[in-house]
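Visitor: As a plain string of letters, each chain reads:
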Amino acid sequence: MAEATASTHIEHSGPDAGITRWLYTTNHKDIGTLYLWFSFLMFLFGGVLALVVRAELFQPGLQFIEPQLFNQMTTMHGLIMVFGAIMPAFVGFANWLIPMMVGAPDMALPRMNNLSFWILPFAFAMLASTFLMPGGAPDFGWTFYAPLSTTYAPDSVTFFILAIHLMGASSIMGSINIIATILNMRTPGMKLMDMPLFVWSWLITAYLLIAVMPVLAGVVTMMLFDIHFGTSFFNAAGGGDPVLFQHVFWFFGHPEVYIMILPAFGIVSHVIPAFSRKPLFGYSSMVYAMAAIAIMSMVVWAHHMFTVGMPTVAQLIFMYLTMLIAVPTGVKVFNWISTMWRGSITYETPMMFAIAFIILFTLGGFTGIMLAIAPADYQYHDTYFVVAHFHYVLVAGALFGIFSGIYYWFPKWSGKMYNEGLAKLHFWLSFIGFNLTFFVQHFSGLAGMPRRIPDYALQFADFNMISSIGAYLFGFSQLLFLFILVSAIRSGKPATQEVWDNAEGLEWTVPTPAPYHTFETPPEFKSRRAH
Amino acid sequence: MASESAEGYPAYYVPHNSKYPIWTAVSLILVMAGLGLWLVQLKNDYADPTQLLFVAGALALGVTLFFWFSKVIKENFAGLVSPQLNRSYVWSMGWFIFSEVMFFAAFFGALFYVRSFAVPWLGGEGDKALTGEYLWPDFNRQWPVLQNPDATAVPGPAESMAAPPLDSLSRLLSWGTYLPFWNTVILLASSVTIHFAHTALKNDRRRNLNAWMVVTILLGVLFLALQVEEYVLAYTEMGLTLNSGIYGSTFFLLTGFHGFHVTLGTFMLIVIALRCFKGHFNTRDQFGFEAVSWYWHFVDVVWLGLFTFVYVL
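As you go down the protein sequences, you meet chains A and B in turn.
Under the numbering used here, think of the first position of the first sequence as 1, with each following residue one higher.
Under the numbering used here, think of the first position of the second sequence as 1001, with each following residue one higher.
None of these hints come from the bench; they were simulated from the model.
Where hints are given, some of them may not hold.
Restricting the straight-line Cα-Cα distance to at most 20 Å, the calculated cross-link-like pairs of lysine to aspartate or glutamate (EDC-like) are [stated by the list, open to error]:
(1) B:Lys1043 with A:Asp155
(2) B:Lys1019 with A:Asp16
(3) A:Lys278 with A:Asp382
(4) A:Lys416 with A:Glu520
(5) A:Lys191 with A:Asp155
(6) A:Lys416 with A:Glu348
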């Protein structure tokens, strides 16, 4: 009897019509699409906030907004870009790609997958609604250090804390789903060391997320209790310590920055071999490097706090451990370059973004090593040098990785080819706009311009004007990206079956566009590696 | 058993769509927004703070999850759960418990940091001794902190929950009246009884299964009752509250979140006990039972950490 019921319950149909397709969907491709569009919307929202900041900083003096509102802008820009734009974009990629790359019919737990996504729009609606509350939105920086975020915070901090809880729940459920899919749903014969690097990057990222999102939940819970129930976690008068906040926060925060870059490593490790027409150089060292980066990321957190007044021994330990991370990261950069070495390279847009990723991310890595030097950090700390550093790794690193991946897989997903000329234009505008914005910030930072201020001394005026011009160029060129995608979907030329000459992996073996259901039976898989 | 595909692999069940997740998301946002409103209105001394949204959300969440879980159980009875899907459940529960471990790790980390660094520094010892010298030179370092650095702003507790030190036999006997010791015994015993229940299930001895489930639940409830008793004592007799400085903060958040997890665990035990009474689970198919028992062992292990570092050491 059980058999009979079972076979009638297996459903193979296509998508539902109308809005319920998106509300009730359990399909990994639908959910991936939702994640990607949501993250793009958040990207534009966070971008507008950044442009308000850059407008105010175009000239010295207060032009457009009050310092209070300025602080809200920088805070919300950071929170929305980190939790709303970069992270959901990578989860969108994971949803689209992991089942197709490992030959699975869908994600391991399709309904929980839907829940992971649909929490996000509500959580961000709640976060954005704080702009309308008395006292305004959170204004204590995206790192929300206590006691700024507790004793001196606006009332809206409570809603910020609860929104963080929701985002954390979404991330943890999403990560559990991804790990279960990778560990349990691979097609027979695909061993762990046969997995595509994007899958590896997400396995490691998901582990990091499950390890540190609960710690973020812990620290915001301590804040909630300090604010509403009179506890003394971050209050020295009661025996607590504001520095405790920073330790717990950065125990989450440092792995978090690797969470935002590892999937980009994965994407670039697909794009570079495809357009170099060579297999990836040093596959296993790439895997070990990512694992090493992830493990070490959990023991370097206090390099964000060199100036807070830590014992010297602690500063030294965190300095050396941080510098060690440059080794596995260097392995990755050398492997990408070695992959390109003597390859027959062509420069389509995904490759352009990937090469820019390698160059600019490496620059961001170098400034990271500078910041890791504890004695030197006293000069750089809380200046625009830090702002320049993390935008090199998060915009030119994470975001360019996302652009590269979108241009690379979009034709297979949608069945439509984007306009290569316009996409190249998008690349160059982004590349120039980005460097114009952030390269000069290294100099203003080294000269002593502090971050998170609405006004500054006159000697920084030229750098800031250049920076603002670059920011507007970069910001508005993302509308071109939107146009490229929408026009490709509406009226793009059909993409070919293989799309790219040398793209490898199971996701390229399915028809173009990828059908609604793929690999309902596990595909054939032959390992290319000798075991 | 799950139906087989043409190639002979059992098909992995992928539901076509589901209304439960979005309703769960809507309920969750109601709970969170409602909680936020409630807390902010309390903080601003509203005469009649609204709990309506929170309660409505919590009810909606309960109802939605009830229907979602029933649906999954029915799918299991319909034979849709292949061994591979079952492994997905196993992995997921394991990683969920790992996430819970990390949540507690944040609070344990805070406790260790405060005890090893923050309080000694405030007391004028170690690398950052000047903190204490400048701020509160009269503060005497001790753990548990009974006298806070600024004792007028944050009055400390009269007594702590620390266990009597084990330096003589008579002290050892005094553990006989030490409530957290008995809570440790009770929770450890419940971990054993749920293991007996599990063994009974695997050997298909249903009456033993049901009996051990009842015993486990009773032990869980007893633990919670004693925990409530301890909190009442703390608030009424010992002056130990959330407001009494860092000792109260770490004590109540660590034991409180543990207690919250035991409450959740007891509820889960009740659900699977009712399912046992209805004849659910069998010698081969018992994931739901095992997930709850793993969770129960997890709260037991957390308690051992708590008993060691919050009460004894």
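Visitor: Give a verdict on every hint.
Guide: Taking the hints in turn, this is what the structure says about them:
1. Restraint check: the Cα-Cα separation between B:Lys1043 and A:Asp155 comes to about 9 Å, which is no more than 20 Å; the hinted pair holds.
2. This hinted pair checks out: B:Lys1019 and A:Asp16 have alpha carbons roughly 13 Å apart, not beyond 20 Å.
3. Between A:Lys278 and A:Asp382 the alpha-carbon distance is near 43 Å, which puts this suggested pair outside the 20 Å criterion.
4. Distance hint between A:Lys416 and A:Glu520 is unfulfilled; the C-alpha atoms sit about 24 Å from each other, more than 20 Å.
5. Our distance criterion of 20 Å between C-alpha atoms is broken by A:Lys191 and A:Asp155, whose separation comes to about 51 Å.
6. A hinted pair counts as satisfied when its Cα atoms are at most 20 Å apart, and A:Lys416 with A:Glu348 qualifies at roughly 16 Å.
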